[in-house]
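Residues per chain, in single letters:
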Amino acid sequence: MAKVLMKGNEAIGEAAIRAGCLNYFAYPITPQSEVAEYLSRRMPEVGGMFLQGESEVAVSYMLFGASACGARVFTSSSSPGISLMSEGISYIAGAECPVVFINIMRGGPGLGGILPSQADYFQATKGGGHGDYRLLVMAPASVQEAVEMVMISFSLAEKYRNPVMLLGDGLIGQMMEPVEFPDNLASEPSNKDEWATSGMDTRGTDKRNLVKSLFLDSVKLNEHNLLLKAKYDRMKQEEVRYEPYNIESDYKVLVVSYGTMSRVCKTAIDNMKEEGFEVAMIRPQTLFPFPEEAVNKAASKESCRVVISIEMSMGQMVEDVERCVKGKLPVEWYGKCGGDIPTPEEVIDSVKSFYKEYI
Amino acid sequence: MAYKLYIDTNRCKGCGLCVSVCPKNVLQISEEINAKGYFPVYQALPEDCNFCATCCMMCPDVAITITEENEETVEQPE
Amino acid sequence: MGKTFIKPEALSDQYTHYCPGCTHGIIHRLVAEVIDELDISGRTVGIAPVGCAVLAYNYFTFDFQEASHGRAPAMATGVKRVRPDLAVFTYQGDGDLASIGMGEIVHAANRGEKFTTIFVNNTVYGMTGGQMAPTTMPGQRTTTSPFGREVKTTGMPVKMAELLSTLETPGYITRQTVIKPKYIAKAKKAIKKAFEYQLEGKCFSFVEVISTCPTNWGLTPIEAVKWAEETLLPYYKLGEFKTPD
Chain A
1 MAKVLMKGNE
11 AIGEAAIRAG
21 CLNYFAYPIT
31 PQSEVAEYLS
41 RRMPEVGGMF
51 LQGESEVAVS
61 YMLFGASACG
71 ARVFTSSSSP
81 GISLMSEGIS
91 YIAGAECPVV
101 FINIMRGGPG
111 LGGILPSQAD
121 YFQATKGGGH
131 GDYRLLVMAP
141 ASVQEAVEMV
151 MISFSLAEKY
161 RNPVMLLGDG
171 LIGQMMEPVE
181 FPDNLASEPS
191 NKDEWATSGM
201 DTRGTDKRNL
211 VKSLFLDSVK
221 LNEHNLLLKA
231 KYDRMKQEEV
241 RYEPYNIESD
251 YKVLVVSYGT
261 MSRVCKTAID
271 NMKEEGFEVA
281 MIRPQTLFPF
291 PEEAVNKAAS
301 KESCRVVISI
311 EMSMGQMVED
321 VERCVKGKLP
331 VEWYGKCGGD
341 IPTPEEVIDS
351 VKSFYKEYI
Chain B
1 MAYKLYIDTN
11 RCKGCGLCVS
21 VCPKNVLQIS
31 EEINAKGYFP
41 VYQALPEDCN
51 FCATCCMMCP
61 DVAITITEEN
71 EETVEQPE
Chain C
1 MGKTFIKPEA
11 LSDQYTHYCP
21 GCTHGIIHRL
31 VAEVIDELDI
41 SGRTVGIAPV
51 GCAVLAYNYF
61 TFDFQEASHG
71 RAPAMATGVK
81 RVRPDLAVFT
91 YQGDGDLASI
101 GMGEIVHAAN
111 RGEKFTTIFV
121 NNTVYGMTGG
131 QMAPTTMPGQ
141 RTTTSPFGRE
151 VKTTGMPVKM
161 AELLSTLETP
171 GYITRQTVIK
181 PKYIAKAKKA
191 IKKAFEYQLE
201 GKCFSFVEVI
211 STCPTNWGLT
221 PIEAVKWAEE
231 TLLPYYKLGE
241 FKTPD
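Protein chains in written order, with the numbering used here: chain A, 1 to 359; chain B, 1 to 78; chain C, 1 to 245.
Heads up, some of the hints might be wrong.
When the alpha-carbon atoms are kept at most 25 Å apart in a straight line, the in silico SDA-like pairs for lysine to any residue are as follows [claimed, not checked]:
no.	chain 1	residue 1	chain 2	residue 2
1	A	212	C	103
2	A	252	A	236
3	A	220	C	12
4	A	236	A	359
5	C	226	B	53
6	A	207	C	9
7	A	212	C	193
8	A	7	A	182
9	C	193	C	167
10	C	202	A	52
Calculated from the model, a selection of chain B residues having no Cβ within reach of chain C, i.e. all distances over 12 Å [to be verified]:
no.	residue
11	22
12	23
13	25
14	30
15	32
16	43
17	45
18	61
Keep in mind that the hints were calculated from the coordinates and are not lab data.
Everything numeric in this text was worked out from a predicted model, so none of it was measured.
Glycine included, C-beta positions come from ideal geometry on N, C-alpha and C.
Kindly generate the complete structure, drawing on both the sequences and the hints.
Here you go:
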C-alpha cells in the first residue's frame with residue numbers, strides 16, 4: 001500500500017472516511033480548520049455528508065441527533081470549541097450514543113493561543129461536561145498513529161455506545177508525515193436497531209425507540225449511572241494502550257509523557273542513553289483508561305529515583321501519575337505552556353535536576 | 001347514523017374548556033371527584049347532544065370520544 | 001349530523017402531566033392526527049425540548065429524541081442530513097426556541113433544513129414556574145418581571161414567525177392558535193401543510209401556535225382563553241407569513 005505525505009488534519013479526515021464514517025459536522029477553529037476544508041471537498045467525492053454548523057454548540061447537537069438515529073458521525077474542533085461542545089458531550093454520553101470527537105489542542109485558558117498545548121487533559125479525561133461520565137480518550141504521537149486511532153475509534157464508540165475523543169495537539173494537526181491507511185482497520189458498522197431512532201419502518205417493527213438522558217426517578221437514575229459506570233470499568237479492563245520506552249534498562253528516572261511531547265522526550269532519552277544515563281518512559285496511548293498498572297509497575301524499579309510527568313500544560317496528567325505511583329516514589333512535573341514545545345535539551349536539564357534532588 | 005359519546009372521567013382534568021364551547025350547553029362540571037382529585041365533566045343534557053365533536057376537539061386530554069352506536073366504545077385503560 | 005372522534009394512533013394512551021386546560025394537549029393531538037392521516041408514523045422522529053413538553057415523548061408512539069434546551073433544531077438538522085427520508089419535527093416552547101435556541105432556529109431556517117418546527121408560544125417559561133420569556137407581553141407580570149415587563153429595559157416581545165419570514169431562503173412560516181374551536185381546525189390544516197411540504201422535500205416549515213398557560217398566568221383555563229384572545233392575538237397576528245411557492 002502506498003505511503004502518502006499528508007498534513008495531520010487532512011489525514012485525520014481521510015482516516016474517518018476509510019473507517020466508513022461518511023458524516024461530518026463541524027465548525028472552523030484554528031488549528032484544525034483544515035479538517036473541515038479537506039472534508040468539504042472530499043465528502044462529496046465519496047457520497048458523504050458535510051455540514052458546517054453555526055457554532056460548536058449547534059454542531060454538538062447535530063452530532064447527537066445524527067448518531068441517535070443510527071448514523072456514524074464525527075467532528076473535529078479545538079479546545080475552546082470542545083468547551084462549547086461539552087454540554088452536548090454529556091448528553092451524548094448520558095443517552096449512550098456513539099460519536100467520535102477530535103480535539104486538536106491549542107493554548108488556553110480562554111482565547112489563549114493558537115499554538116499546540118496539552119492543557120485539555122482534565123477536560124478530556126475527567127469530564128468537561130457535567131455528570132458522571134467518561135470519554136474513551138486516545139492520544140496519538142504521530143500522524144500515522146492518529147490515522148490508526150481514528151480508524152478504530154468508531155467501532156470503539158459503537159462497542160461502548162459512548163463518545164470517544166482523540167486528543168491531538170496543534171503540531172499533530174499541522175505537520176506533514178508519510179502515512180498509510182491500513183485496510184484491516186476499517187471498522188464494521190454496528191447494528192443499532194435496538195436503540196437508534198432510525199424509524200420503525202426501517203427496523204421493520206412497531207416498537208418505537210427513544211433516545212434520552214432524563215431519568216426523573218431517583219432509583220432509575222442511579223441504575224442508569226451504574227450502567228454507565230460498568231462501561232467505564234470495562235474500558236479499564238479491555239482498552240488500556242501504552243508504549244513503554246527503554247523500560248528494560250536500569251533507569252534512574254521514569255518519564256510519563258504523551259503525544260508530541262513524548263517524541264521530544266524520546267529524543268532526550270536517546271541522548272541521555274548515549275551518555276550512560278538511563279531514563280525510561282511510559283507513553284500512554286489511552287489517557288482514559290490510563291495505564292495505571294503500567295505506571296505503577298514501572299515506578300517500582302529498584303534503580304528508579306523519581307517519576308516526572310512531562311506535558312505542555314501547567315501539570316494535569318501529573319495528578320494521575322501521582323495517583324498511580326501511590327507514594328512509591330516522588331512525582332514531579334515539568335512543562336511549558338504558550339505553544340513553545342520544550343526542546344530535548346530542556347527536557348534533559350529538567351530530568352537531571354530532578355534526579356539530583358532525589359539521589 | 002347513531003352515535004354515542006363517552007367521557008373518560010379519569011382522563012378529564014375538569015378544565016371546563018369543553019363546557020365553554022359546547023353549542024348546546026350539554027356539559028357541566030360534576031361534583032364527584034375523580035381518582036386524581038379533579039372534578040370531571042359530565043353530560044347534564046345528553047338528549048341535546050348532536051355529536052358535533054366540538055368538545056372533543058377542544059379537550060386537551062382526549063377525554064371525550066364519539067363512536068358509532070354499533071361499535072364498542074373505545075375504553076381508555078386505567 | 002354528527003361525527004366520530006377517537007384518539008389518534010400516533011398519540012399514546014398515557015394521561016398527560018400537563019396542567020388542566022393547557023393547550024399542549026390539543027397541539028399534541030393535532031400533530032398525532034396529521035401523522036396518522038399522512039400515514040408516516042413508521043418514519044417519523046420527534047424531537048422533544050426542555051420545557052413543559054420535556055416528556056412529550058411519553059405521549060407519542062413513534063421514535064423520539066430528547067434535546068437539550070434550545071438545541072432541537074440542531075438535532076433535527078443532524079437527523080435530516082443523515083436520513084432525509086425520515087419525517088422530523090421539533091416541538092418547542094418560548095424559552096427553548098426564542099431565548100436560548102434563537103441561534104439554532106434561525107440558522108436551521110436559513111439553511112432551509114427540511115424539518116418541521118411546532119413552536120408553542122404561551123409568553124412564559126412554563127416548566128420552571130412562569131419566568132419572563134422573550135415573548136412576554138409589555139406589562140405582563142411573571143416571576144422574573146414581578147412589576148410587569150418593562151419595554152425600556154427588556155425590549156418588546158419577539159415575533160418569531162415574522163422574524164423567520166424575513167429570511168431569503170424559502171420556507172413555510174405560519175402562526176396559528178388553538179384557543180378556540182374555530183381556530184383549531186385551521187391550526188390542524190397548517191400543521192398538515194407543514195408536514196406535506198417536508199414530505200415533498202420542499203422547505204423548512206414552522207408553525208407558531210399561540211397557546212395558554214393558565215397556571216403561570218394565574219387564570220382559569222377559560223379566563224386564559226379570554227386573555228389570549230384579547231391581548232395576544234392583536235399582537236401575534238395569525239396567518240401565513242411565507243410559503244415556498
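- Message: Hinted pair, alpha-carbon criterion (25 Å max): residue 252(A), residue 236(A). Please report holds or violated.
- Response: 29 Å, violated
- Message: Against the 25 Å threshold, does the CA-CA distance of residue 220(A) and residue 12(C) hold or violate the hint?
- Response: The given pair, whose Cα atoms are some 22 Å apart, holds under the 25 Å limit.
- Task: Measure nothing beyond the straight line between the CA atoms of residue 7(A) and residue 182(A); if it is 25 Å or shorter, mark the hint as holding.
- Result: At roughly 17 Å apart (the allowed maximum being 25 Å), residue 182(A) and residue 7(A) satisfy the hint.
- Query: Since residue 23(B) was said not to touch the interface, does its Cβ keep a gap of more than 12 Å from each Cβ of chain C?
  - Reply: 9 Å, violated
- Measure nothing beyond the straight line between the CA atoms of residue 212(A) and residue 103(C); if it is 25 Å or shorter, mark the hint as holding. 23 Å, holds
- Does the no-contact call for residue 22(B) survive, Cβ to all of chain C over 12 Å? Violated, since 10 Å does not exceed 12 Å.
- Hint consistency between residue 212(A) and residue 193(C) [alpha-carbon to alpha-carbon, up to 25 Å]: The given pair, whose Cα atoms are some 29 Å apart, is violated under the 25 Å limit.
- Item | Pair hint residue 202(C) and residue 52(A), alpha-carbon separation not exceeding 25 Å | Holds. Residue 202(C) to residue 52(A) sits at ~21 Å (cutoff 25 Å).
- Message: Between the alpha carbons of residue 226(C) and residue 53(B), is the straight-line distance 25 Å or under?
- Response: Holds, at roughly 22 Å.
- Message: Quick check for students: does the CB of residue 45(B) sit more than 12 Å from each CB in chain C?
- Response: Label holds. Min Cβ-Cβ 16 Å, cutoff 12 Å.
- Query: Holds or violated: residue 207(A) with residue 9(C), Cα cutoff 25 Å?
  - Reply: 13 Å, holds
- Query: Holds or violated: residue 193(C) with residue 167(C), Cα cutoff 25 Å?
  - Reply: 20 Å, holds
In the structure shown, a violation is registered for the earlier hints numbered 2, 4, 7, 11, 12, 18, in ascending order.
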